[in-house]
Amino acid sequence: MTINASGWRPEMSTAHASTGPATFTGNRALMLDEALIFEIGSTETTGVDFIPVQVGSSRLGALARHVEIGLPGLSEPETVRHYTRLSRQNYAIDLGFFPLGSCTMKHNPRLNERMARLPGFADIHPLAPVDTVQGALQLVHELAHWLVTLTGMSAVAMSPKAGAHGELCGILAIRAALEARGEGDRKIILVPESAHGTNPATAAFAGYQVEDIPATPEGRVDLAALMARLGPDVAGVMITNPNTCGLFERDMRKISDAVHAAGGLVYCDGANFNAIVGRVRPGDLGIDAMHINLHKTFSTPHGGGGPGSGPVVFSEALAPFAPLPIIEKSGDHYVIIEEETAADHHAQSFGRMVAFHGQMGMFTRALSYIMSHGADGLRQVAEDAVLNANYVLRSLEDVLHAPFAATGPCMHEALFSDDGMAEGFSTLDIAKGLIDEGFHPMTVYFPLVVHGAMLVEPTETESKVALDQFIGALRSVAERARAGDPALKSAPHFAPRARLDETLAARKPVLVWKEAPLAEAAE
Amino acid sequence: MRYLPLTQSDRQAMLATIGAPSIDALFVDVPDVAQLDGPIHGLPMHASELAVERHLSTLARKNMVAGDVPFFLGCGAYKHHVPASVDHIIQRGEFLTAYTPYQPEIAQGTLQMLFEFQTQVARLLGTDVANASMYDGSTACWEAIVMARRITKRGKALLSAGLHPHYVSVAKTMATFTGDLLDTAIPTLTADTDADRLIAAIDDDTSCVVVQYPDILGRITDLSRIAAAAHAKKALLIAVVTEPVALGALKSPGEMDADIVVGEGQSIGVGLQFGGPYVGLFGCKEKYLRQMPGRLCGETLDATGKRGFVLTLSTREQHIRREKATSNICTNSGLCALAFSVHMTLLGEKGLRTLAMNNHHGAVAAADRLARVPGVELINTSFFNEFTLKLPKEARPIVRKLADRRILAGVSLGRLYPGEDSLKNGLVVAVTETTTADDVEILATALTEVLA
Numbered sequence: 032m033t034i035n036a037s038g039w040r041p042e043m044s045t046a047h048a049s050t051g052p053a054t055f056t057g058n059r060a061l062m063l064d065e066a067l068i069f070e071i072g073s074t075e076t077t078g079v080d081f082i083p084v085q086v087g088s089s090r091l092g093a094l095a096r097h098v099e100i101g102l103p104g105l106s107e108p109e110t111v112r113h114y115t116r117l118s119r120q121n122y123a124i125d126l127g128f129f130p131l132g133s134c135t136m137k138h139n140p141r142l143n144e145r146m147a148r149l150p151g152f153a154d155i156h157p158l159a160p161v162d163t164v165q166g167a168l169q170l171v172h173e174l175a176h177w178l179v180t181l182t183g184m185s186a187v188a189m190s191p192k193a194g195a196h197g198e199l200c201g202i203l204a205i206r207a208a209l210e211a212r213g214e215g216d217r218k219i220i221l222v223p224e225s226a227h228g229t230n231p232a233t234a235a236f237a238g239y240q241v242e243d244i245p246a247t248p249e250g251r252v253d254l255a256a257l258m259a260r261l262g263p264d265v266a267g268v269m270i271t272n273p274n275t276c277g278l279f280e281r282d283m284r285k286i287s288d289a290v291h292a293a294g295g296l297v298y299c300d301g302a303n304f305n306a307i308v309g310r311v312r313p314g315d316l317g318i319d320a321m322h323i324n325l326h327k328t329f330s331t332p333h334g335g336g337g338p339g340s341g342p343v344v345f346s347e348a349l350a351p352f353a354p355l356p357i358i359e360k361s362g363d364h365y366v367i368i369e370e371e372t373a374a375d376h377h378a379q380s381f382g383r384m385v386a387f388h389g390q391m392g393m394f395t396r397a398l399s400y401i402m403s404h405g406a407d408g409l410r411q412v413a414e415d416a417v418l419n420a421n422y423v424l425r426s427l428e429d430v431l432h433a434p435f436a437a438t439g440p441c442m443h444e445a446l447f448s449d450d451g452m453a454e455g456f457s458t459l460d461i462a463k464g465l466i467d468e469g470f471h472p473m474t475v476y477f478p479l480v481v482h483g484a485m486l487v488e489p490t491e492t493e494s495k496v497a498l499d500q501f502i503g504a505l506r507s508v509a510e511r512a513r514a515g516d517p518a519l520k521s522a523p524h525f526a527p528r529a530r531l532d533e534t535l536a537a538r539k540p541v542l543v544w545k546e547a548p549l550a551e552a553a554e
Numbered sequence: 024m025r026y027l028p029l030t031q032s033d034r035q036a037m038l039a040t041i042g043a044p045s046i047d048a049l050f051v052d053v054p055d056v057a058q059l060d061g062p063i064h065g066l067p068m069h070a071s072e073l074a075v076e077r078h079l080s081t082l083a084r085k086n087m088v089a090g091d092v093p094f095f096l097g098c099g100a101y102k103h104h105v106p107a108s109v110d111h112i113i114q115r116g117e118f119l120t121a122y123t124p125y126q127p128e129i130a131q132g133t134l135q136m137l138f139e140f141q142t143q144v145a146r147l148l149g150t151d152v153a154n155a156s157m158y159d160g161s162t163a164c165w166e167a168i169v170m171a172r173r174i175t176k177r178g179k180a181l182l183s184a185g186l187h188p189h190y191v192s193v194a195k196t197m198a199t200f201t202g203d204l205l206d207t208a209i210p211t212l213t214a215d216t217d218a219d220r221l222i223a224a225i226d227d228d229t230s231c232v233v234v235q236y237p238d239i240l241g242r243i244t245d246l247s248r249i250a251a252a253a254h255a256k257k258a259l260l261i262a263v264v265t266e267p268v269a270l271g272a273l274k275s276p277g278e279m280d281a282d283i284v285v286g287e288g289q290s291i292g293v294g295l296q297f298g299g300p301y302v303g304l305f306g307c308k309e310k311y312l313r314q315m316p317g318r319l320c321g322e323t324l325d326a327t328g329k330r331g332f333v334l335t336l337s338t339r340e341q342h343i344r345r346e347k348a349t350s351n352i353c354t355n356s357g358l359c360a361l362a363f364s365v366h367m368t369l370l371g372e373k374g375l376r377t378l379a380m381n382n383h384h385g386a387v388a389a390a391d392r393l394a395r396v397p398g399v400e401l402i403n404t405s406f407f408n409e410f411t412l413k414l415p416k417e418a419r420p421i422v423r424k425l426a427d428r429r430i431l432a433g434v435s436l437g438r439l440y441p442g443e444d445s446l447k448n449g450l451v452v453a454v455t456e457t458t459t460a461d462d463v464e465i466l467a468t469a470l471t472e473v474l475a
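Chains as they are written, first to last, in my numbering: chain Z, 32 to 554; chain U, 24 to 475.
Some clues are possibly wrong.
Coverage of chain U stretches by chain Z, computed from C-beta distances (three or more under 8 Å per stretch; other residues unrestricted) [to be verified]:
1. 108 to 114
2. 204 to 213
3. 221 to 230
4. 322 to 330
5. 398 to 412
FYI, nobody ran anything at the bench for these hints, they're computed from the structure. Small disclaimer: the values here were computed from a predicted structure and weren't measured. For glycine and all other residues, C-beta sits at the position ideal for the given N, C-alpha and C.
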């Protein structure tokens with residue numbers, strides 16, 4: 032029984048506060064604008080004190096710096112205030128619901144932050160003698176064990192720095208395997224139309240030609256079209272499962288078998304692993320490589336765009352080609368297999384993708400998260416994520432067109448289109464309307480296979496109360512878009528900025544701050 | 024399960040709304056053969072905060088912490104003091120738990136910070152523009168080589184022998200697949216860099232020359248000559264900076280006419296973290312802007328005429344251009360870029376230059392002291408905060424012996440260049456503001472003893 036059964040309800044909307052009189056600063060109480068550091072700092076100011084050193088002769092040679100760099104400094108109080116003010120112009124998971132489809136914006140537990148900051152992990156050098164970092168190597172090894180066991184695969188490459196980097200790792204392993212068996216002339220990678228943009232970009236970066244595979248009317252890979260295209264020129268496929276329409280690829284095993292029969296290999300984009308973790312092992316579906324976004328499924332923070340971490344799990348067929356370095360256990364000792372020793376055990380490794388060993392700081396956070404959930408909790412994660420998404424789907428399908436809802440349940444994300452909106456109203460207006468309601472919008476205009484797509488991924492860390500509030504808000508905004516409410520066209524009204532002119536930004540790019548020309552400054 | 028808000032009654036109510044009889048019914052599209060009927064066998068069940076903390080703390084204690092011992096490792100990752108306020112700011116939830124700023128009206132905090140970061144990086148590197156960060160220095164270096172190929176439409180890159188061997192290794196891996204030709208070499212244990220070799224090797228097929236500054240052995244080369252030679256053949260100069268603090272004391276690569284400058288930003292704000300996450304810096308001349316990889320933040324106006332910032336020029340990027348994108352990069356290193364930017368703001372011009380000179384003077388004193396150890400020779404005539412010693416014996420076992428005495432003495436070249444006999448006596452020693460005179464004396468004394 033909930034304690035607050037009659038409490039707050041999503042329909043408790045209030046009339047908008049008037050915008051009120053102008054202020055001298057342009058600020059609105061807690062709504063504070065902030066200048067750039069170049070406008071408030073000076074090259075004379077510093078927020079750091081130093082221990083004096085004994086000055087000797089210089090060994091910089093003829094290249095010692097004589098001209099000013101032009102870096103403004105701020106004292107510590109000014110610095111803290113500057114960034115605190117900036118932070119308040121950001122939406123974040125800590126503030127509210129962030130249903131960005133395909134991005135898995137789940138709660139970031141603070142235990143993970145504390146663990147990553149233990150000096151034994153945060154303050155060790157990547158080239159320190161291996162005997163002095165045994166605990167760090169054990170941590171990587173333990174995380175690797177979780178990842179291969181959860182996915183039912185044979186091996187894992189830990190070093191890729193993010194999802195797209197993991198994709199590259201997987202595709203390079205595929206290419207190395209094909210070349211090892213003398214089939215380097217396979218030049219085509221098949222990618223579904225609904226794929227993340229990184230998939231075709233990765234395949235092209237690795238030297239492959241990309242061909243699209245069409246989707247069926249129910250939003251899945253067209254198996255017949257795929258099988259018809261397979262042949263001796265096809266290196267493999269890149270498939271996202273669950274896919275970007277939020278659906279499980281029912282034919283995944285058949286796809287894998289067909290690709291293997293035709294001599295190709297199967298890459299799975301694991302961006303959506305959160306939907307199935309603990310309930311389905313991708314290894315049982317016949318895939319050969321899959322990256323895992325630790326910053327999605329395993330809750331390492333997105334940090335405003337990174338850093339991520341994208342370990343790649345491999346089937347037995349691809350495991351020998353995994354990149355360096357490889358961390359292994361040898362008796363009671365952990366070792367790092369690098370260029371030096373690779374010839375002995377990993378002669379077929381395709382080589383190194385990054386300096387050092389990968390995103391240790393993310394490994395620590397991910398292991399902390401995984402251990403907190405355990406095998407039972409991770410299964411519950413997938414179930415609650417899928418339950419939340421289906422709840423959103425069924426609660427809104429009467430007011431928003433859900434193109435694939437008739438064919439069955441969705442996985443971890445609910446997909447809607449802008450079909451049925453008033454003339455001139457589209458997904459963008461709904462997204463901006465949601466901002467005024469205090470939500471981060473869903474992913475918009477992706478996947479490309481649906482017109483005006485809106486992809487809602489609630490994740491498992493949202494309560495029913497939070498979902499109900501969002502559903503109420505999205506329903507209200509969708510109804511305004513259906514009715515053609517002109518106020519929606521100019522939303523957001525209550526954000527730190529109104530709609531920004533992206534065309535201007537691209538036409539006359541201003542990417543760095545410059546001092547105003549003297550003449551202008553004098554005016 | 025403290026991170027899961029749904030109660031059993033919530034779940035039942037929601038299933039009723041959905042019209043599904045059970046959770047299993049929501050997984051109906053998964054073939055039976057792939058369905059697991061319970062938690063995966065052989066893995067532990069959920070654990071309390073205390074239990075997790077206990078386990079991870081046990082692992083952490085098995086490592087020798089840089090801050091606990093005399094510490095001299097560098098070679099692409101440096102120990103610097105990071106002010107407390109940097110870590111405070113990057114842990115604010117509004118930065119930590121935000122996404123890529125695709126909805127600019129509610130992401131001005133991240134966007135303005137990125138605009139400031141881009142400006143700081145461009146000024147530091149001496150380039151016209153800089154992007155909003157890459158994964159790290161090594162991947163930024165490869166992306167620069169690919170960018171030079173796109174600009175020059177030539178496929179041969181000349182890599183300096185002084186380029187970090189891991190960066191070379193990354194480039195070699197990638198070039199195997201892309202078909203780029205790489206001309207590489209092993210450094211020699213001398214004061215001279217391979218600038219002359221590079222200048223002589225530039226030809227009409229060369230897309231770029233890649234030079235690290237200061238290089239892997241700590242040596243400093245005048246890039247102007249190499250830039251002029253490259254430009255004479257219509258090739259580009261890519262400069263690689265693995266220790267950005269150096270640019271507080273040295274001329275920037277941009278001032279010496281480098282076309283693309285990439286770097287590892289870890290030294291400023293980020294911390295060692297056993298190799299990652301770090302932050303790749305990427306700047307270039309304005310004329311090459313549209314060939315740049317990665318996200319860019321630009322200034323614009325909102326509908327009411329207020330200044331604001333957005334991600335821009337995204338027609339270069341994978342989510343728009345798909346297979347025609349300049350790179351496949353999506354996630355970058357945003358929070359590390361914030362750490363870099365906050366630390367750089369705290370330092371400012373004055374602080375950075377003081378920090379740099381303190382590093383340099385500390386390194387000079389250490390180099391002179393260590394060169395007095397019998398049999399030890401300092402190979403550098405010029406350096407910033409890192410220099411190379413030639414020991415009378417193979418350095419790698421010496422480093423291990425010193426580690427047994429709880430001294431992390433530096434990076435042996437045997438670790439970085441396994442099997443290269445000419446380099447095996449080399450030891451690269453880094454000295455920063457965190458190194459004390461006592462640390463240096465302890466190292467000098469211990470080194471004398473283990474070499475005796």
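Do the hints match the structure? See the list:
1. 108 to 114: Our answer is that it holds, as 6 residues pass the Cβ test (under 8 Å) against chain Z, meeting three.
2. 204 to 213: violated (count 0)
3. 221 to 230: violated (count 0)
4. 322 to 330: Three-residue rule met by the segment 322 to 330 of chain U, so holds; n is 7.
5. 398 to 412: holds (count 5)
Violation of the numbered hints given earlier is confined to hints 2 and 3; the remaining hints are satisfied by the structure.
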